[in-house]
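Number of protein chains: 2
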Amino acid sequence: MQVRFQPDDVTVPAREGETLLQAGWQAGIYLRQTCGGQGTCAKCRVELLSGELTALQEGAIWEEASGRWALACQTVPASEVEVRVPPRTRLSEDEGAGVLTETDEEEIAAPAPLYLRREVALKAPTLEDATDDLLRLGMALRAEGELTGARLEAVRRLPTVLREHDFQITVDLARRGGGWELAEVSPPGVTEPPFGVAVDIGTTTVAVSLVDLSSGYSLAAAGDYNAQVRLGEDVISRIVFTEESPHGLHDMRRAVLNTVNGLLEKLSARTSIDRNSIRAAAVAGNTTMISLLLGVSPRFLRREPYVPPLTRVPVLAAREVGLRIHPEAQVYCLPSVASYLGADLVSGVLATGLGHSEGVSLLLDVGTNGEMVLGGADWLLGCACSAGPAFEGSGIRSGTRAVPGAIEKVEVAPGGRSVEIGTMGGARPVGICGSGLIEALGSLAEAGVLDRAGKFLPDPDNPRLRRGEDGWEYLLAGAADTAVEEDIVLAQTDLDNLIRAKGAIFAGLRTLLQVADLRPSDIQRVYIAGGFGRFLDLERSIRIGLLPDLPREVFRYVGNSSLRGAKEVLLDRRRWEEAHETADRLTYVELSAGTSFMDEFVSALFLPHTDLELFPSVRLAG
Amino acid sequence: MQVRFQPDDVTVPAREGETLLQAGWQAGIYLRQTCGGQGTCAKCRVELLSGELTALQEGAIWEEASGRWALACQTVPASEVEVRVPPRTRLSEDEGAGVLTETDEEEIAAPAPLYLRREVALKAPTLEDATDDLLRLGMALRAEGELTGARLEAVRRLPTVLREHDFQITVDLARRGGGWELAEVSPPGVTEPPFGVAVDIGTTTVAVSLVDLSSGYSLAAAGDYNAQVRLGEDVISRIVFTEESPHGLHDMRRAVLNTVNGLLEKLSARTSIDRNSIRAAAVAGNTTMISLLLGVSPRFLRREPYVPPLTRVPVLAAREVGLRIHPEAQVYCLPSVASYLGADLVSGVLATGLGHSEGVSLLLDVGTNGEMVLGGADWLLGCACSAGPAFEGSGIRSGTRAVPGAIEKVEVAPGGRSVEIGTMGGARPVGICGSGLIEALGSLAEAGVLDRAGKFLPDPDNPRLRRGEDGWEYLLAGAADTAVEEDIVLAQTDLDNLIRAKGAIFAGLRTLLQVADLRPSDIQRVYIAGGFGRFLDLERSIRIGLLPDLPREVFRYVGNSSLRGAKEVLLDRRRWEEAHETADRLTYVELSAGTSFMDEFVSALFLPHTDLELFPSVRLAG
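Protein sequences, first through last, are from chains W and S.
Per the numbering used here, the first sequence starts with residue 930, numbered consecutively.
Per the numbering used here, the second sequence starts with residue 930, numbered consecutively.
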């Protein structure tokens, strides 16, 4: 059964029972979807130009004025078919280019890396001291720690290199357990340092930083979209994909490996450093991302009682993981705490120094989940609240991820009859992204277009406020002004989703504070992490009740603290141990287990909150 | 250039510069040699039937009444040649079949093996206890010790197998460092135990014992000649081979791997146990044998100051070593002490319990080197004395290894005019082996044919005593009665070699005793180890001054204690630690470093010794 995709004019055979979505993958045509192909997000709709489809669920094929439409994930060709993929539905191959890279060029002083290169002079053996070569080397290296293992290749080279160079040699040591493994033996005078990579695997983007392990310098960094996005936009849809698609887990693993290895190739080309010279990797990411990288099924992560397969990952060889660096390079995956409190947060605690700080600090990473850690040197509490995909631009009618053309700035004039928008990269608008949504919500509330519950106040004189298919909606940009041939609007249902998302995050914070018997004003520092935080308008975020109403100077945007923490681990082995201590002492508060979270959640479904005393600085409009 | 070998009638092309010896290897024709192809042992002589050879050293080609002869290792074809390999020169392919296997069926009680299989029930997770699967497993296994690592394949299976079987599963654990590595995860109810192999790699023979790691039962054992024998008969000739022959180290490694893997295949076939079910191996052997197995050059072992490349071998995977068992099976090589005091002796100390015993014990392994350990629970001293290859039947004109047809019993009638001989397997004599030499020396001394310095007493009336090319020689068997078409004789030079060999061993013992400030009579137990010991006539060995003159009941033949110790390590991880403690506390006494050894050696060049008070029970003839 042939399927022709337009406007690409690409034809592929569809296998028995294969959906249009899956047929598209074969053709290299990736359609949007956030539900893992379950037929619930309705992102994958395509126009049926000719032929017949069989629907796998009711409503998967429908008529509109413009023609016949179908959900690609829920329809199977019943004849030769021709479909058109509208711009909204298409996941652009170019999007990766738009990922911004945070090159954190700050050097880490006095590195004590997980992989060492040392020139060492041994005492030459005598008849009275005929200790074997390997033990002799171990004694010479005592200042570095204990030599507890050795790779066979290195042992094979040791005797000859020692004697060809008068017992002065260069050795490479890789950290393993509490000791060192002899990784390589070379003649003296090696001037090239060993290199390492820190990797942060985000659900949406992946970042890799290449560092010189001897000096601690960051040499280059690169980022890209996680190629898994094609197979599911958020964590849950990806887990569903691994369960539902044949070879789903394998495909997910290959996708992220392709992304990471592509970045490694890019960094290698840019710096002229052979990938084989990269001898260690530290990897951070949320629990699902780490599972998928390792090819470990995360299926039970999303089922009560939300048990991760593993949180402490053994040290693995790059060849086992599939990273294209030196095959024996050790891969240190940072530990995670729970299914939804991952190594990215543990890494962030390291990077911010939160675990050592006096008083109470908060680390907050806002994404599909609001993940946060509260505490300091004495105690650490963490939780994750399901914010839904609103902040990622999903589950929102005109939502989009933070790609060029995403609306990120929204300024609604008082009364709401006019609006100014700004897009990423200044491109023609394609939709509205998470930070734009927060701006819009705050701005609409300030302009008096919404009531305190976030509901549109009917205003027949406002040309931008209209009744759409889902009730009231507010027009941000008309079809003629967009790149997607459709109006970009904010519907009441979108605002409701957004308010639930911000309410969940604030309720999570309140719950942690309650567990610790503290008030918001006890928080002395707030670290906002993640790509999303960079674009967050602080005032608007407080205005809508997403962030607590604290003196503005306590807030600090810390960028990709997950990548930064991984880099610190790579360059300082005490940090590797600290990461494990942090994971051990971080108490995970399971919000679905207690009832106070639900009370807090309901109280937070207002702008900014039911309890206005919590937001003294917020001026209410109207 | 073609070379035709007779009587096989096999023709092979000789590559440029290739010797007849090397051309033979290509044809699968292995010639005797004990010098590593250096042209000094003269074992590889072949008869030149036609064609011309170029000699690489003087005297490598000569004329005899019977025709033209050549040393195969020192001659290169100058034209097409045809050579005959006489029976003496040929290393028979059948010899392996004659290796006796010591199946030590004694079971080791209460095994605490290096590889465990356990069925374990985990507490099912709840929202209040959502600890990850791997940590949860670690907690359930606490009684066994700490779970410090995991193989990726096992982690991948863990979540599913746990949930498909109600959190009751079978796990395999492999010992690594002070903890356990999760090696495999299976459903509950696995009835097959994991299997392991103990391997002893001797210079001459290799023995493998297959054990059930759960019960500790020995299931089967097999032995064979070490295929390295073809490339050099003793340790030194093999080291020379690795240095002189292109790919010599590789060839040596392949040879021993072929032997071990062949035995594994045999054991697998005999027991119907899949080699993949063998999950651990413990390996003992002398320092050179372990080096060659690992592909680590032993070249510096034989050069002053005799430094081994390594004595503590890291735990390796079977795939790295090349053993054809489960590729991830861990290989535990027992530690050695010095270049000539190897893991075989350390293993023997374990097997005999010498390291725990009260009072003073001696473990003695007689081979090319006399290796011995003296001591007990409080202290351990060891040394190795180069006895030369006499006890292996090399360096002796009619010498042979302990193969069928080797003369092992010699009874010389008083006066020496007649002699009775017995051969191994009752076959027609091919030569005289080590134990036969000791019998012969003792018997000749008792019969009054030799003086106290071991020199033949001229006796013109004795038809067996005649002048040969190397001085006096004693006829053991006439050419007509042998399988090698030559007289089997003992020449004065042979006896001199033998006396030097026994003198070196006794001098080593005396030196150790001196270091410990003890007399021979302080020794309470003597363990005689090694294949050689089995055939040793105790009275004759004391008579010639090889063994100390102690009450006969203190001597115990312990068989292949090296294999036995390896098996104990496999089945009891405390023994693995004990092996390292033993290697640590065993003080190696370097005999070439002190002068007292040379004095002792000179005193020991008599039968039995210059100091007759050391041998009160020995009656002197004449």
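Simulated from the structure, these hints should not be mistaken for lab results.
Honestly, I wouldn't trust all of these hints.
Since the list can't tell identical chains apart, any single copy or any two copies may satisfy a pair.
Derived SDA-like pairs (lysine to any residue); straight-line CA-CA distance at most 20 Å [unchecked claim]:
hint, residue 1, residue 2
1, Lys1338, Glu1073
2, Lys1052, Glu1482
3, Lys1052, Glu1233
4, Lys1052, Arg1232
5, Lys1384, His1509
6, Lys1052, Arg1013
7, Lys1052, Ser1532
8, Lys1195, Arg1232
9, Lys1195, Thr1060
10, Lys1384, Trp1401
11, Lys1384, Pro1545
12, Lys1384, Leu1447
13, Lys1384, Gln986
14, Lys1384, Gly1400
15, Lys1195, Tyr959
16, Lys1052, Gly1377
17, Lys1052, Pro1122
Fill in: Earlier hints that do not hold, by number
1, 2, 5, 6, 7, 8, 9, 11, 12, 13, 15, 16 and 17
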